[in-house]
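Undergrad: Chains A and B supply the protein sequences, listed in that same order. Read in order, the letters of the first sequence correspond to residues 121 to 653 in my numbering. Read in order, the letters of the second sequence correspond to residues -4 to 307 in my numbering.
Hints were generated in silico from the structure; no laboratory data involved. Misleading hints may appear alongside valid ones.
What the hints assert, rightly or not - As a list, the in silico EDC-like pairs of lysine to aspartate or glutamate whose alpha-carbon atoms are at most 20 Å apart:
| no. | chain 1 | residue 1 | chain 2 | residue 2 |
| --- | --- | --- | --- | --- |
| 1 | B | Lys42 | A | Asp359 |
| 2 | A | Lys460 | B | Glu191 |
| 3 | A | Lys652 | B | Asp132 |
| 4 | B | Lys236 | A | Asp274 |
| 5 | B | Lys110 | B | Asp261 |
| 6 | B | Lys98 | A | Glu538 |
| 7 | A | Lys652 | B | Glu46 |
| 8 | A | Lys402 | B | Glu55 |
| 9 | A | Lys651 | B | Glu44 |
| 10 | B | Lys111 | B | Glu44 |
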Amino acid sequence: MANHTIAHNVYVPFLEKKGILSWILTTDHKRIGIMYLISISFFFLVAGVFALLMRYELLTPASDFVQPHTYNVLFTLHGSIMVFFFIVPGLAASFGNFLIPLMIGAPDVAFPKLNLGSYWIYLLGAAIVLIALAKPADTGWTFYTPYSATTDTDVVLITLGVFVLGFSSILTGLNFIVTIHKMRAPGMTWHRLPLFIWASYATAILQLLATPVVGITLLLLITERTLGVGFFDPAKGGDPVLFQNFFWFYSHPAVYIMIIPAMGVISEIIPVFARKPIFGYKAIAYSSLGIAFISFLVWAHHMFTSGISDIAATIFSFLTFLVAIPTAIKVFNWTATLYKGSIHLHSAMLYALAFIFLFTIGGLTGLFLGALAADIHLHDTYFVVAHMHYVMIGGTVMGFFGALHFWYPKWFGRMFNETVAKIAWLFIFIGFNVTFFPQFFLGVQGMPRRYATYPPQFESLMSLSTYGSWILGFGIFIMTLNLIAGLINGEKAPQNPYGSLSLEWQVPSPPPLENFEEIPHVTDWSYGYGKKK
Amino acid sequence: MTWIPEVASNLASKVDGVLLLITLMSLVFFILITVVLVYFAIKYRRKSEDEETPYITGSEPLEIIWTVIPSILLIVLFVYGYVVFKDMRTPPKDAVEISVQGKQWLWTFDYYNGKKTINELYVQYNRPVRLVMEAQDVLHSFFVPAFRVKQDLVPGRYTQLWFTPTKIGTFDIFCAEYCGTGHSAMLGKVIVLSPEAYEIWEKGVKVDEGVGVASLPPAELGAKIYKEKGCNACHSLDGSKIVGPSFKGIFGHPVELQDGSTVDVDENYIRQSILEPQAQVVKGFAPVMPSFKGILSDEDVTALVAYIKTLK
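When you get a sec, could you build the whole thing from the sequences and use the hints?
TA: Following this line, the structure appears as structure tokens:
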């Protein structure tokens, strides 16, 4: 970045300063965002490798590549690292940090030092989990008791790591809520806010209110294991189902912590590449809050077969169907935004369209799991695995990849190779579907999840799924190389390559250290594309 | 390859009805969204850089339509799912009661007449069965895909499920709730017998278990028992340690016991370990194996011994 040529007297790109200290002691939200981005991407790739190893073992029914115990460790690490170290902090911590101040016209977040502190807490949690790999847990990422209270693997350290990580999430949520309330530029009213900000706001509320519950739950589990207090172990007078209630009270809202920011990303990408105002702004904005609210009331739909009462199961089934409505509204509005647009199929737009397609499948298959009688058959089978990956990869990861390709020029001031990006997209799209679509059929046929070995009648679909994982892995590999290559020798990015109206595109690429030379006065929303009649 | 497992209980076709309705509704919405998405993406593709687009910000009638219609359909799905669920949760009064214990990593079934089986649940065709279930260590889940029933087993409380088998045959039981190293080996079978065959089984006469079992050489019969009675969940054949000692090369060699003494693994030690597993536990292993007394016959034990001898 040293010899940039943009003619401006005071323009100092935020990436200008070099040296390790300029990173680890920075309070600049854009740099903290980069540190999160690198960290979560690292964990995404590591947990992805665990997934590839698992799928390789599942190529054949017998346990011929790794022992069952090793397989159980693999899915535990895959799940817990993906969930707690990649997808929960994910978009909120990386793109949320980078974009929130820029989009609302602020110089930084409300509490920059706290922001850096949150990142360090994240790293501390990650370090603890890395130590825990010495004797990795085999409980699954859900840490269900009594197994997690009795297994002789190291459950305490990994849950302690997740516990520590929770504080990072809580503090980031708090920071963003205050930032969005107090730091908006003059004229940036609530109804002019970009929808990514609405999504981040809904996410931050969930982080702040739900995360303490999982923290307490894991602390209770640690207490049970180390001091022998019987919260969950029936042999000591505890209740194992209580753990599930506590765990899902957080972990269901956490699903929305993972997906709502991606919904925000899609709401930004589509209007720009369709050159159309977002359709149904208020419907999308308030449905984020609606989802956040209802998501606190559906946790027991993970527990229909757990032994909870029939009345409880019925109520939770009903509430689960309710949460489908705001989600459906979003999908309809995104699709309607394309109507009469001028659509440019940029790689970011391809990810956004893939999101709508895949997330629709993920959402609709959720209906099977919300309906009581159907869930009894499908619960804990590969159907759930497929559904959850359609929402998490088809939804969140597509949103994440879309965001990477969309804001890449702004963030790093360079361009990547667009042709390679499209090829990688194609591999990812095909590979993903070949991996996970067969799993719906496996689930309907009764193939249980978390099986190191499996009966031979499932072999053809299981090996198809494994082949798909290779295509998917290859696509992500090309995408990663392409994005890294762009950083090294990509062309310099213009200020606003796609003609976006949002504030972050009205500053140079990469943005100056202080974001805005002077705080902007906002007079319109950021979706005013097209010709007003 | 079939789309759906065979229908072998009274509940299965009801559950399939729910699955079918949701599939149809999902397909309608999926096709609708996909067709519109692809059509727009092609039809409105940017042809020149200075194309003009209309300023459309939304439509209240559309928002109302696509809120209200899905809401009504979702309520229909909820009610249908609930109605079938209610059936699944309400066993008839005259159901035969069988108690089920799940433990790492096998199923045991106790019948009203004092019979006990491991990993094989014997039920009668067209007669309702109620399973009263309990886990002895960690969570398990009793799942029979062909019956479309599933219920977790929880330590310290009873859970139940019921079904009426509507097809004679043998059907898979899977443990569906992750329960540790041997989870995927915690498999069983439901054996649905005709009333005549069930009567014979009830009286304790051995039912023909299939083609030529009686005429199998002992070591082959032993291999069959090893798999069917769940020995394989804890005892590997390749020297790896699961829960119990591996069978590989164990015969004829001394093993060290908990108290430090040693014992030779011979026919009598194996027999004792099967019938009174807690008597002489190998060092480094927990005393968790259930007794197979009354479950395996003398011939079965002899066959297992013969099989273990072959595992060099």
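Undergrad: None of the hints should be skipped; say for each whether it holds.
TA: To see whether the hints hold, each was checked on the structure:
1. For the hint pairing Lys42 of chain B with Asp359 of chain A, the CA-to-CA distance comes to about 64 Å; that exceeds 20 Å, so the pair is violated.
2. For the given pair, Lys460 of chain A sits about 71 Å from Glu191 of chain B by alpha-carbon distance, which is inconsistent with the 20 Å threshold.
3. Between Lys652 of chain A and Asp132 of chain B the alpha-carbon distance is near 68 Å, which puts this suggested pair outside the 20 Å criterion.
4. About 19 Å separates the Cα atoms of Lys236 of chain B and Asp274 of chain A, which keeps this hinted pair within 20 Å; it holds.
5. Taken as a hint, the Lys110 of chain B and Asp261 of chain B pair is broken in the structure, with Cα atoms around 30 Å apart against an allowance of 20 Å.
6. Proposed proximity of Lys98 of chain B and Glu538 of chain A is contradicted: the alpha carbons are some 55 Å apart, above 20 Å.
7. Proposed proximity of Lys652 of chain A and Glu46 of chain B is supported: the alpha carbons are some 14 Å apart, at most 20 Å.
8. At most 20 Å may separate the alpha-carbon atoms for a hinted pair to count; Lys402 of chain A and Glu55 of chain B meet this at roughly 11 Å.
9. For the suggested pair Lys651 of chain A and Glu44 of chain B, the alpha carbons sit about 15 Å apart, so the restraint of at most 20 Å is met.
10. Simply put, Lys111 of chain B and Glu44 of chain B have alpha-carbon atoms about 78 Å apart, too far for the 20 Å limit, and the pair is violated.
Comparing the model with each numbered hint stated earlier shows that hints 1, 2, 3, 5, 6, 10 do not hold.
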